[in-house]
Structures are given as structure tokens and as C-alpha cells.
Amino acid sequence: MTETIIRAKNVGYETENTLILKNINFEISKKDFVGIIGPNGAGKSTLIKILLGEIEGYTGDVEIRGKIGYVPQHDFIDKTFPISALEVVLMGLYKETGILRRFKKEHINRALEVMKILEIDKLKNRKVGKLSGGEYQRLMLSRALVSGPDILILDEPEAGVDKKGQKLFYNLMKKLNEEQGITVILVSHDISMIFSETNKVMCLNRTLHCHKNTSEMNRDDFKKIYSDSLEMLVHIDEPLKVVSRND
Amino acid sequence: MTELFSYDFMVYAVTAALLSGISCSVLSNYIVLKKMEFIGDGAGHTAFGGIALAILMGWNLNLVSVITGVIFALSIYFVSKKQKVNENSIIGILLSLSMALGVIFISLKKGYTPEIDGYLFGDILMVSETDIKILAVVFSAIIISVILFNKELKYYAFNQRMAKIYGVPVNAVNFLFLLTVSVVVVTSVKIIGIILVTALLLTPGIIAKMWAGTLNHMIIISSVVGTVSSVLGIIAAYYFNIPPGPSIVVTMFGFFLISFLIKNIYTKIKK
Chain A
1 MTETIIRAKN
11 VGYETENTLI
21 LKNINFEISK
31 KDFVGIIGPN
41 GAGKSTLIKI
51 LLGEIEGYTG
61 DVEIRGKIGY
71 VPQHDFIDKT
81 FPISALEVVL
91 MGLYKETGIL
101 RRFKKEHINR
111 ALEVMKILEI
121 DKLKNRKVGK
131 LSGGEYQRLM
141 LSRALVSGPD
151 ILILDEPEAG
161 VDKKGQKLFY
171 NLMKKLNEEQ
181 GITVILVSHD
191 ISMIFSETNK
201 VMCLNRTLHC
211 HKNTSEMNRD
221 DFKKIYSDSL
231 EMLVHIDEPL
241 KVVSRND
Chain B
1 MTELFSYDFM
11 VYAVTAALLS
21 GISCSVLSNY
31 IVLKKMEFIG
41 DGAGHTAFGG
51 IALAILMGWN
61 LNLVSVITGV
71 IFALSIYFVS
81 KKQKVNENSI
91 IGILLSLSMA
101 LGVIFISLKK
111 GYTPEIDGYL
121 FGDILMVSET
131 DIKILAVVFS
141 AIIISVILFN
151 KELKYYAFNQ
161 RMAKIYGVPV
171 NAVNFLFLLT
181 VSVVVVTSVK
191 IIGIILVTAL
201 LLTPGIIAKM
211 WAGTLNHMII
221 ISSVVGTVSS
231 VLGIIAAYYF
241 NIPPGPSIVV
251 TMFGFFLISF
261 LIKNIYTKIK
271 K
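Chains as they are written, first to last, in this note's numbering: chain A, 1 to 247; chain B, 1 to 271.
Because the hints were derived from the structure by calculation, they are not lab data.
In this text, all values refer to a predicted model and were calculated from it rather than measured experimentally.
Please note that a few of the clues may not be correct.
What the hints assert, rightly or not - Lysine to aspartate or glutamate pairs mimicking EDC-like chemistry, simulated, CA-CA at most 20 Å apart:
| hint | chain 1 | residue 1 | chain 2 | residue 2 |
| --- | --- | --- | --- | --- |
| 1 | A | 31 | A | 220 |
| 2 | B | 263 | A | 78 |
| 3 | A | 164 | A | 197 |
| 4 | B | 84 | A | 216 |
| 5 | B | 82 | A | 119 |
| 6 | B | 35 | A | 78 |
| 7 | A | 95 | A | 78 |
| 8 | B | 34 | A | 197 |
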């Protein structure tokens with residue numbers, strides 16, 4: 001029997017009379033590789049923030065049985081900020097030292113070990129602003145992994161990274177999921193990637209329209225969340241053409 | 001040069017300049033990195049209201065100034081947190097309100113108030129032994145905090161959201177930071193003045209950021225810049241008989257200009 005690692009029951013959230021999420025119910029099992037899809041403003045980021053404990057005042061219950069590692073969107077960073085790659089990874093171990101205590105040799109070794117696996121250990125002293133998009137993404141992943149999480153949440157990790165880098169990144173995710181049993185939750189706009197990499201999909205647009213195995217997804221599931229704005233395209237060895245239009 | 005230090009007031013002025021120069025310089029790193037440039041201006045101008053009230057009522061000026069600083073910090077923290085109003089908007093509102101109240105209080109006081117000029121631009125003669133003691137306490141608190149909370153301050157400045165997710169007590173750090181800046185500003189106004197204190201809270205950090213590889217290097221560079229320009233500024237103020245605030249600011253700007261030019265030449269040569 002699969003073990004439930006995250007359970008959400010009747011979760012809802014609204015702010016200043018705007019409904020963000022309503023009646024969200026789901027269970028995620030250990031070792032799942034879940035993709036969350038939905039249009040802009042569907043509440044994906046809010047759901048992630050609830051799972052991360054950043055938002056208070058939501059209704060319903062959320063139960064999490066494990067440690068979470070988080071890879072944020074590739075948002076703006078001050079490229080001249082004087083902080084090294086190693087210092088950023090060590091942030092992921094802050095809870096182990098807490099206030100008033102310095103990082104020990106053991107923490108630094110663990111950080112370097114993860115950076116080595118992700119092939120960025122040679123960049124340990126480099127300022128974060130001098131890293132490429134792909135290197136920065138692997139740095140964020142190192143920080144998320146360094147504390148040995150049970151669950152890994154990734155919020156649009158493909159942003160700012162080229163296609164080749166993305167593929168390598170997703171392969172790595174798959175490896176972590178299959179070999180180390182880490183539960184992966186991936187929020188992405190890249191539907192093709194979601195379909196090729198995940199085993200379960202959650203379709204979100206204010207409420208949860210579907211939550212099923214990736215192989216069982218069909219056109220109607222997309223209709224529910226993307227309403228009239230969806231075009232399904234196929235791109236093989238011929239010019240791109242529309243194979244399905246939802247209007 | 002030695003006769004300079006034969007006067008008590010000059011010893012006080014130089015000591016005050018050193019203590020406030022280093023205190024402001026250390027804080028300037030975080031202000032620059034967090035892009036909170038408006039905070040120094042806000043705290044300085046807000047202090048004016050408190051100082052004017054103390055002059056009007058004949059109250060203890062240091063005490064009223066510090067209380068004003070604490071109220072300023074508390075207001076920014078709680079209003080921006082609870083009411084979701086932008087931090088800079090609150091600073092702007094409090095700044096003008098306090099200036100307005102300050103002008104009203106001064107106009108209510110009968111007769112001429114020459115000391116107000118000293119608070120606006122700094123005055124060597126105003127620094128007392130008590131001021132030195134207050135500045136020494138503030139200075140010690142800042143240095144100890146930066147050593148003890150080095151990583152908390154670093155992660156708070158780098159990315160407040162992620163720092164919070166990874167367990168850094170950012171709300172507490174943010175509140176203590178606002179409080180420290182406010183208190184440093186009100187205790188430094190006698191030497192640099194309300195109008196110009198913001199320069200001390202920015203320029204050393206900006207210069208340090210041009211050269212530093214780590215935040216700790218930034219703290220060291222900015223402290224050296226703050227110390228040297230404050231002391232040189234005070235000495236120049238004495239010899240040219242000008243207010244110390246503008247003198248320190250002009251000296252500091254000189255360092256900025258030199259640093260900026262050297263950095264540009266260095267970058268071009270490196271290419």
C-alpha cells in the first residue's frame with residue numbers, strides 16, 4: 001500500500017474578496033512525481049505557498065509528512081550581490097544550525113557533496129550573479145536537496161534555461177524520484193514536459209479539476225482548465241500544425 | 001594637528017564621528033543590498049519632529065530623539081506588515097508628517113532657536129560626553145549584532161522570502177534592523193545633521209559593493225570608508241570653520257568618485 005505524504009482536505013483561500021482557491025482535495029503518495037498544470041492566475045503559486053507554510057488564513061486542512069525542499073521560480077536577483085554559490089546552498093541547512101551558531105565543517109562538506117553531484121562544486125566561490133541560467137537552476141536545486149528532503153517542490157524550473165539544460169534537469173529529477181524515492185511536485189507551463197516526466201497530473205484552475213495518472217489524461221481534462229484558450233500542437237518532422245482547437 | 005585634540009570638544013567630535021561613521025557604514029551595506037535607500041532619509045527627517053518637540057518643551061533631547069526613532073521603526077514595521085502598505089509609502093508619509101510637526105513646534109517656541117541649524121547640518125560644539133556614551137552603546141550593539149547574526153542578516157538581505165522558508169527569523173531581523181537604523185540616525189544627527197545623515201547610510205555601502213567579493217569584505221571596506229571620511233570631514237570642518245555634516249558628505253563623495261573612476265579603469269583594463 002502506498003504511503004500518503006501530503007493530504008489536502010477542502011482547502012480554500014481568498015483575499016480581499018477575491019477567490020483564489022476553492023474546495024481543493026488531494027492526496028500525494030510517497031515517490032509520486034506529480035505535475036501541476038493550469039493557466040496563469042489558476043492559483044498554482046498560492047497552492048505551493050500553502051504547502052510551504054507561507055500563507056496563513058486558508059480554510060481546510062493540509063497535512064504534510066516529510067521535509068520539503070523548494071526550488072523557486074527563476075526570479076530577479078541582484079547580480080552584484082556579494083554572496084557565493086556555497087553560501088546560498090548553506091541557506092538550505094539553516095534550520096540545523098539555527099540562530100547564533102555558525103555552519104560547521106560537516107555542513108560545508110554536505111553542501112559541497114550535493115554541489116558535486118549536480119556538477120557545480122567547482123563554482124562554490126563564484127558570486128551567484130556570475131552563474132549561467134542552468135548553473136543557477138542547479139544551485140537552487142542544491143539548496144533544496146542539501147537538507148535531505150522527502151518532498152521536492154519545483155515552481156516553473158524551466159524558466160531561464162535552454163532546452164538542453166531543461167532536459168538534463170528533468171532527467172535529474174526523474175533520477176532523484178526513482179533512485180532516492182523523493183516525491184517530486186512540479187509546477188510548469190511546459191505541458192509536454194509534464195507528460196513525458198510525471199506519473200500524475202493535477203489540473204488546477206481555482207479548484208482542482210482533475211488529479212489522475214498522466215496516462216489517463218484526455219482532451220476534456222484540458223478543456224476544463226484552459227477553457228477557450230487552448231491549442232494543441234504537434235511538432236514532428238514537419239511544420240508545426242494545430243491538431244486540436246478548443247473553441 | 002596635535003593642538004586639534006587639546007580641546008575637549010574636538011576629542012568628543014572626532015570620537016562621535018568615528019562611532020557614528022562606523023555604525024552608519026556597517027548598516028549602509030544592508031540598506032544598499034536591500035535597496036532600502038529611503039530609510040535613512042525617513043529616519044533622519046522623522047527625528048526632526050522629536051527634536052523640535054524636545055526643544056519646545058525643554059525635555060531631554062536624546063531621550064525624545066530615541067523615542068521618536070523607536071516609534072518610527074514600529075510604525076513602518078507594523079503598518080507595512082499588517083495593512084499591506086508599501087514600506088516606502090509609510091516612510092514618505094511619516095517623514096513629511098514629522099517635518100511638518102517639527103516646523104509647527106519650532107514656530108510655537110518664542111524667540112530664535114539657533115540650535116536647530118546644528119541639528120539640520122551637524123555641529124561640532126554640540127557633542128557632549130553623554131552623546132559619546134550613547135553612540136558607544138549603539139556602536140557596540142551593532143558590531144555585536146553583525147558578528148552574532150552574520151548569516152541571518154546575510155540571508156535576510158539576499159532573499160527575504162527564501163530566508164523565511166528556510167527558517168531564518170526574518171520578521172524579527174527586519175524589525176530589529178529598522179529599529180537599529182532609526183536609533184543610529186537619531187543619535188548621529190548632532191554630528192552629521194538630519195538632512196545629510198542619509199549619505200552616511202548609503203555611500204560607504206555603495207563604494208564597498210563595487211569592490212567586495214563577500215558581505216564580510218563589504219562590511220570591512222565600508223567601515224574603513226566611513227571612518228576615514230568622518231575623521232577627515234571633522235578635521236576639515238574645524239580648519240575651514242564649516243558644519244561637520246556637509247564636510248563629511250563632501251569627503252565621502254570624493255571617495256566615491258575616486259572609487260568609481262578606478263573601478264571603471266580597472267574594468268576596462270581587465271577586458
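- Query: Of the hints given before, which are not true for this structure?
  - Reply: The structure breaks hints 1, 4, 5, 7 and 8; every other hint is satisfied.
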